[in-house]
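Trainee: Given the coordinates of chain W, assemble chains U, E, Y, P, B, S and F onto it according to the supplied hints.
Here is how the chains run, residue by residue.
8 protein chains.
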Amino acid sequence: MENKIAELFARIEAGELSADEALNLIKKNEMIGDDYFIDRHRKQRLGFDEIIFGMSKTVDQIAKITDKYKQEKLDFICTGLDDRKIDILKKRYPEFEFIPKAGIMKNISSVPPKIKGKAAIITAGTSDAKVAHETGEILNCLGVNCEKFIDIGVAGIHRIFHFKKEIAESNVLIVIAGMEGALPTVIGGIFAQPVVAVPASVGYGVSAGGYSALLSMLSSCAGGITVVNIDNGFGAAMAAFRILKSGQVEK
Amino acid sequence: MENKIAELFARIEAGELSADEALNLIKKNEMIGDDYFIDRHRKQRLGFDEIIFGMSKTVDQIAKITDKYKQEKLDFICTGLDDRKIDILKKRYPEFEFIPKAGIMKNISSVPPKIKGKAAIITAGTSDAKVAHETGEILNCLGVNCEKFIDIGVAGIHRIFHFKKEIAESNVLIVIAGMEGALPTVIGGIFAQPVVAVPASVGYGVSAGGYSALLSMLSSCAGGITVVNIDNGFGAAMAAFRILKSGQVEK
Amino acid sequence: MENKIAELFARIEAGELSADEALNLIKKNEMIGDDYFIDRHRKQRLGFDEIIFGMSKTVDQIAKITDKYKQEKLDFICTGLDDRKIDILKKRYPEFEFIPKAGIMKNISSVPPKIKGKAAIITAGTSDAKVAHETGEILNCLGVNCEKFIDIGVAGIHRIFHFKKEIAESNVLIVIAGMEGALPTVIGGIFAQPVVAVPASVGYGVSAGGYSALLSMLSSCAGGITVVNIDNGFGAAMAAFRILKSGQVEK
Amino acid sequence: MENKIAELFARIEAGELSADEALNLIKKNEMIGDDYFIDRHRKQRLGFDEIIFGMSKTVDQIAKITDKYKQEKLDFICTGLDDRKIDILKKRYPEFEFIPKAGIMKNISSVPPKIKGKAAIITAGTSDAKVAHETGEILNCLGVNCEKFIDIGVAGIHRIFHFKKEIAESNVLIVIAGMEGALPTVIGGIFAQPVVAVPASVGYGVSAGGYSALLSMLSSCAGGITVVNIDNGFGAAMAAFRILKSGQVEK
Amino acid sequence: MENKIAELFARIEAGELSADEALNLIKKNEMIGDDYFIDRHRKQRLGFDEIIFGMSKTVDQIAKITDKYKQEKLDFICTGLDDRKIDILKKRYPEFEFIPKAGIMKNISSVPPKIKGKAAIITAGTSDAKVAHETGEILNCLGVNCEKFIDIGVAGIHRIFHFKKEIAESNVLIVIAGMEGALPTVIGGIFAQPVVAVPASVGYGVSAGGYSALLSMLSSCAGGITVVNIDNGFGAAMAAFRILKSGQVEK
Amino acid sequence: MENKIAELFARIEAGELSADEALNLIKKNEMIGDDYFIDRHRKQRLGFDEIIFGMSKTVDQIAKITDKYKQEKLDFICTGLDDRKIDILKKRYPEFEFIPKAGIMKNISSVPPKIKGKAAIITAGTSDAKVAHETGEILNCLGVNCEKFIDIGVAGIHRIFHFKKEIAESNVLIVIAGMEGALPTVIGGIFAQPVVAVPASVGYGVSAGGYSALLSMLSSCAGGITVVNIDNGFGAAMAAFRILKSGQVEK
Amino acid sequence: MENKIAELFARIEAGELSADEALNLIKKNEMIGDDYFIDRHRKQRLGFDEIIFGMSKTVDQIAKITDKYKQEKLDFICTGLDDRKIDILKKRYPEFEFIPKAGIMKNISSVPPKIKGKAAIITAGTSDAKVAHETGEILNCLGVNCEKFIDIGVAGIHRIFHFKKEIAESNVLIVIAGMEGALPTVIGGIFAQPVVAVPASVGYGVSAGGYSALLSMLSSCAGGITVVNIDNGFGAAMAAFRILKSGQVEK
Amino acid sequence: MENKIAELFARIEAGELSADEALNLIKKNEMIGDDYFIDRHRKQRLGFDEIIFGMSKTVDQIAKITDKYKQEKLDFICTGLDDRKIDILKKRYPEFEFIPKAGIMKNISSVPPKIKGKAAIITAGTSDAKVAHETGEILNCLGVNCEKFIDIGVAGIHRIFHFKKEIAESNVLIVIAGMEGALPTVIGGIFAQPVVAVPASVGYGVSAGGYSALLSMLSSCAGGITVVNIDNGFGAAMAAFRILKSGQVEK
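Residue numbers (the UniProt record's numbering), protein chains in the order written: chain W, 1 to 251; chain U, 1 to 251; chain E, 1 to 251; chain Y, 1 to 251; chain P, 1 to 251; chain B, 1 to 251; chain S, 1 to 251; chain F, 1 to 251.
Mixed in with the good hints there might be a few duds.
If you want the footprint, here are the derived chain P segments under chain B, 3+ residues with CB under 8 Å [stated by the list, open to error]:
1. 126-132
2. 196-204
Below, computed lysine-lysine pairings styled on DSSO-like, alpha-carbon distance capped at 30 Å [to be verified]:
3. K91(Y) x K101(S)
4. K85(S) x K91(Y)
5. K114(W) x K164(F)
6. K85(Y) x K148(Y)
7. K165(F) x K116(W)
8. K64(B) x K101(P)
Taking beta-carbon pairs under 7 Å as the criterion, some of the chain W residues facing chain B (in silico) [stated by the list, open to error]:
9. S56
10. Q61
11. K73
12. N229
13. I230
14. D231
Hints were generated in silico from the structure; no laboratory data involved.
Keep in mind the model is a prediction, meaning the values are calculated, not measured.
Glycine is no exception: its CB is placed at the ideal position from the N, C-alpha and C atoms.
Bound-form chain W, shown alone:
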């Protein structure tokens, strides 16, 4: 917003705008619907289009937002959808793309600018695959190239070494694990890249909900591992995006 203010300062100084007009300009430019406020400067500020978090919204709320985007011909991606919501939305919006195994509905017309570098998405087990698919989809939307390595967890530690070369060539490592969540620690001890650890809500008893994986990752004895919320594939993708974009900045 500061950029905007600086620009408005300049325009008022130049006599192009009154103070009141300046304030109104801000308000109008970022219209508000009934229950929703479109953040039109996010792309400019943070570099990515609207990503709607569908998990805690009702189908009605999602539809209202989607209608707006559709009407304004804006790209979007909606995450965190369960099968029931996808079924309803599919009927309503047959023109959108749906990826059920990733819990995603999207409508992207423009090709995102290609981000340099590559992300590796590594999971400990088969059960973590949904988070991996969500992460991969979002990375694609953000213009990030990525590769997946599924089911190479710690119980059979030799599986990691199979892909050592491929992993070593990635610029950021997203590591997803449930249960005891040991995989990011092992990966972080072998590889020097940034590691974004994602606890998965896989398991039962004390593992239920992903808490033991979360604590394990935060406690990791391998230095420099960072963690996002449980099942937060979106957050991991965004973190990788931030990291790769940062690497392109002239330093």
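Mentor: Quick look at chains U, E, Y, P, B, S and F alone, frame taken from chain W:
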């Protein structure tokens, strides 16, 4: 006790004992002090001498019990002693043996019967050493042969492979780790022996108190790992003792 | 894997293999499907066939893995299945065996090598029976002989004594209890064998989810009790298997 | 208070009192100090004298209250005192009685009316003794006869049977245990009397602070066990007092 | 069991029984079904008939147990049944009595011996009524006279005073409350009888599951309140039964 | 009640009433149904009509209470209703008003006295809207004027500044947020009015259930923010009502 | 800050300021020290002077800040000081005022503008007094008139009624309680004013740290109670200040 | 290690080495002390020298490790030291450098290779400074340029805008906050760079230990924020190091 009852049944039947005499015999044989009850059948029942848990007892309570054992010339080992308690007890009982780095005071005159097999005590870091030393001392008292492998944790996973041969020759593996507690999972994925995992109260933030290590070990994706309480070197030693003794039973 | 590497070292030294061929050999030999990675060395490393954890996998994922095993004529056991999943899978794989009260689907053609010794599976109540049945099934697949003692919990402590002789003849005791989880402590105070305690998610209020039983078992005043995750019948069976196999090793 | 109001209604009706005088009478009769409010009707309402909870009060606050009681020649008992507070208070009030092993200071001149019946105080270990001593002292002040059975916990379950007869003759059983807290469950399964379970803050790791014992007691599979706060010897004594007094009521 | 053993001692001594016969007698007398163990001495030991906890049992398990009781013409009460289970069981056992609002199925032919004294069941709100009804039903089965006072919680504290006389005439007070659980504290400050507090799983957010009520009751500043598990109407009834029976013992 | 007692004192003194009549008057005036106790003095004491908390009541219990209110022609509002309950109640009471997006059923005939001042209801996201709607409805029933600002959370902090003027003109700010719950802190740092923060149960992983938002709000570094239970729109409305009414009192 | 921006807009428009000058003005006006940033607009924005939270700062950090305030002759109040810090600071700043029982150091030269209305500070016990004193001191600094009612908790509920008139005349009620934290619920059921509940870290076992009081207050069945962090006397004072100031606004 | 193995494969193939010699080479090259295992390949693997975590080690253990490094003339940095440990170590190693405000002892002779890019270290308050200083020291040792912005937290949100330009020029943002931990969310909503959030153990009540800040950061509604353990300045520095190094890789 059932054995005893069976024996008493037999003796009453044989007319050697009246019913009343039988009941009194039980009571007398297991005398009680003021605040303490000596379990004289434990060795017969479970195969080990008295091990006094000193952590939650006052020095006065420990001394009262110790005096009794001393007077009756009974062997004992007292665990969970901090430096302050050791200092006081050392002055009072110069004839006893003290191992401060293991938090132990003991008075053992008899050589325990040798248990077949060997235990490996493996720790993730230097900070876990105290628990390892306690475990080792108790195993010695129980007649169990053991070897220690300190500071070979997961952050540098190649360190495990250095000792692969030695570990593979042990019959039971006691694995101690704090922080994210990943070591038992990795060990359990490589080796086929029984693994007794001990969470250590090493770390800060979410690792503080050993809870993340505990949860990680209980959640382990490597099948068949069992866990004892945090810092419970005594429990791990007893479990190894139970396992090794069980292996000697004719099957 | 080290064994393999040692063997490959030897073969390269012998000129049978180039370094590159050695690396490729490892990769090929452990093929990967789309979402799943078959660990072909597990049996050699740890001594047991594939056990698939079905609880956190979708029916589709289970089916994909199962198809692979079926096609390759490999034995497997799949655990943690609820009634809904069993119904679907039963229709798809009428040739497999289903044990709903244990939550298990399996396809085992070979007879496992008999493990020496015997395991006792003891439960506190009727409600813990499902975990006991799962444990028993897996032990059978692993070649372990076992006997069940259901509903002999602490509230009527005399029930334990009825089976004292049978329990005393087992080489490892798996004790399953929900609610206050006191049974392993009592068992561990009477019997000298290894005790593997399994908290059951039986109860309501503070017992809900099995946490009070878990804490109770970890806190046990009876030395040498070890614990696995809540409802983890698989883990308990594997631990017993490790213990009994360890007892057969020449010491 | 209602009793009082009823009486005042009657007196106003009888013309002995104006409405305003009635309200003032209530206020005066229950004078307030600076930081403390003496509850002069408690004995009449609940049947016991003032018991001051000293744990969360500063020595200064305790002294201010004590001075008041001393000056008015009122009996009191002050609980929850650590060694430091006892040392300071002992110097200031040499005329009072101090029981350090129970954490108690008291000044009781009158003999309490004897309550019918007897309470048994049973502890699992030596470490629980302090709570037992506090409980015993308060019961004495309340006129309740009691007997202590220390260190007869579950790990050696036969110890309970030694005192079966004595325990069976008590009218209420106060059972104190730390660690896994199994003793009240076992006691409750054998004996038919009211059981008041007291978790003790004995133990380390998951037992620390008495939480596993608390959960275990609340989860007990033995019907009708009731629980008080951790280390709450005062509460247990009061509960026993309420129970025994209730038994004396004509029914 | 000790009684039994004492009796057997005597009979062996008298030559009526051999030692072996004595052991067999115990086993036979307490037959075991497949998944269930009937505790035939409970009534003698603790004074009440079988109460089956139906919540964590499957309908099949309940039916198996019920069939046994039916066939042996034994009285029973089964608690913790939800509407689905009641519907199924009602069809199968039309001859039994069902009380859905209490979650209970029962088959009681004999009139229980009348226990002297009276219990008051007090709830804070309408939502706690189910627990109150369960408690009341069980008390009836145990021969205890009781009266209910529903929805007189702390938010309108004058409601308690309406029933002061009736409550004061009861010998034990069972107080059920969810949310902040303050009612037992207020009741315990006004009345001198034993108070058994039952946290109810009423509420949302931090009250969800009854935990804040539980902690509140355990923390109560009113001395001598005892607590049972959340929603544990059965436990509260049993505690009241123990208390009232204890009051009848000759002291 | 005290007011009442004072009045009754006066009337007895005046000879208009006997003491007994006074006591009966209290009882009669606050009739009790079977499971429910109408608090007829609440409006007089606290200034608002009956608000029934429908979440933890069964439809039957709600209907019984509603029938009573209908029959006595009393206003009420019933909150916390999910879609299933609303469907059933709508059929039964077509004459009542239902607001599903707020979870509310109501029957209000009288216009509440207008409270001076205005409340702002501010939410961080679209997902928090249900709580906002409940809050708004209750405020209307209480005669409080309010305005809603939906979806202006911290991730795009400039959105707050758009409504700075409108927010600044409100007398009390109700701020609803899930996830990390940062919005009340930011609001409280900018505006000087009373802030009532409502954690919303929006989010997954560590945010699930609203706990991270709750802790965040209680920990706020912005002084003077107060917090109500998770999703407690009712409580927030009542707090605002108390605050605005207090402002009208002559000081 | 917006006010400032609006003003700057106007001044730029008026030609008094260039855009660059405007930006620099903001930065300069809010100078920064080494480790500390004085918020010079807080009084203007929120209406109160600097209150330094001393609990988590070292004595050195406090001294650095204090020196700055002293040198600039600015008023301040520093809270959360323990006895050790107060001793050190007293020697260094003999000219400041210290209130150890409230944990406060302050240097206030100007008389704050009188806020209309009155706050009542009510505590459940003697042990909560420190929080009450802190609250009172801060209210004084903020120009708020207040009265304290100490030790009138729920265990003797009649004590509240003694002060009914005085409490009823206050405009906002700050209610401090540890243990089971029931007092705010009872107060909130009797009085119609805003209630700010403060959990106190008084108690042991499950009450330790103030958590049971916190949950109890958040769960309160009395509508419209709001809560601040445990022991947060500062927050309660600030909330009362916000409320009373809001009441003075022209509506 | 794989690199090493690949190299050894090649050398064996080339006939330079026998298979046995290859295995021994690995073991020797990574000598082990008594309680400590130097990881000589870490720098090669991960790019940084040894960083010793001093918090959970005794002074004796630290000294033993330090002696080894000193004797071998190796650089090291030891973190997590409290004042007591620093005092003892200072006397023993006067030649080392100590930074008490960062809890660090170090001995670095070589200048680290300069890493491109810059890190910003931002804290919410003065109390978070220690973590910031630790982070800064480690970054320096790793060759990373960094700048600190202390005490610019959310309660006065305008303070962030003062440094907008400087922050915008950094390539990675380390944001440290205790209490409600809202700062990373706000920063992440304004700036597009990678954000590494560090919860600080600042606060009391529910903030104590840094848990509310941790949960808040993991729950952040601003996409792509990653989190490390509470007070984990070391982890944050390592994460920034990984990110900046990754940015230099040719992509």
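Trainee: Of the numbered hints stated earlier in the document, which are not met by this structure?
Mentor: 11
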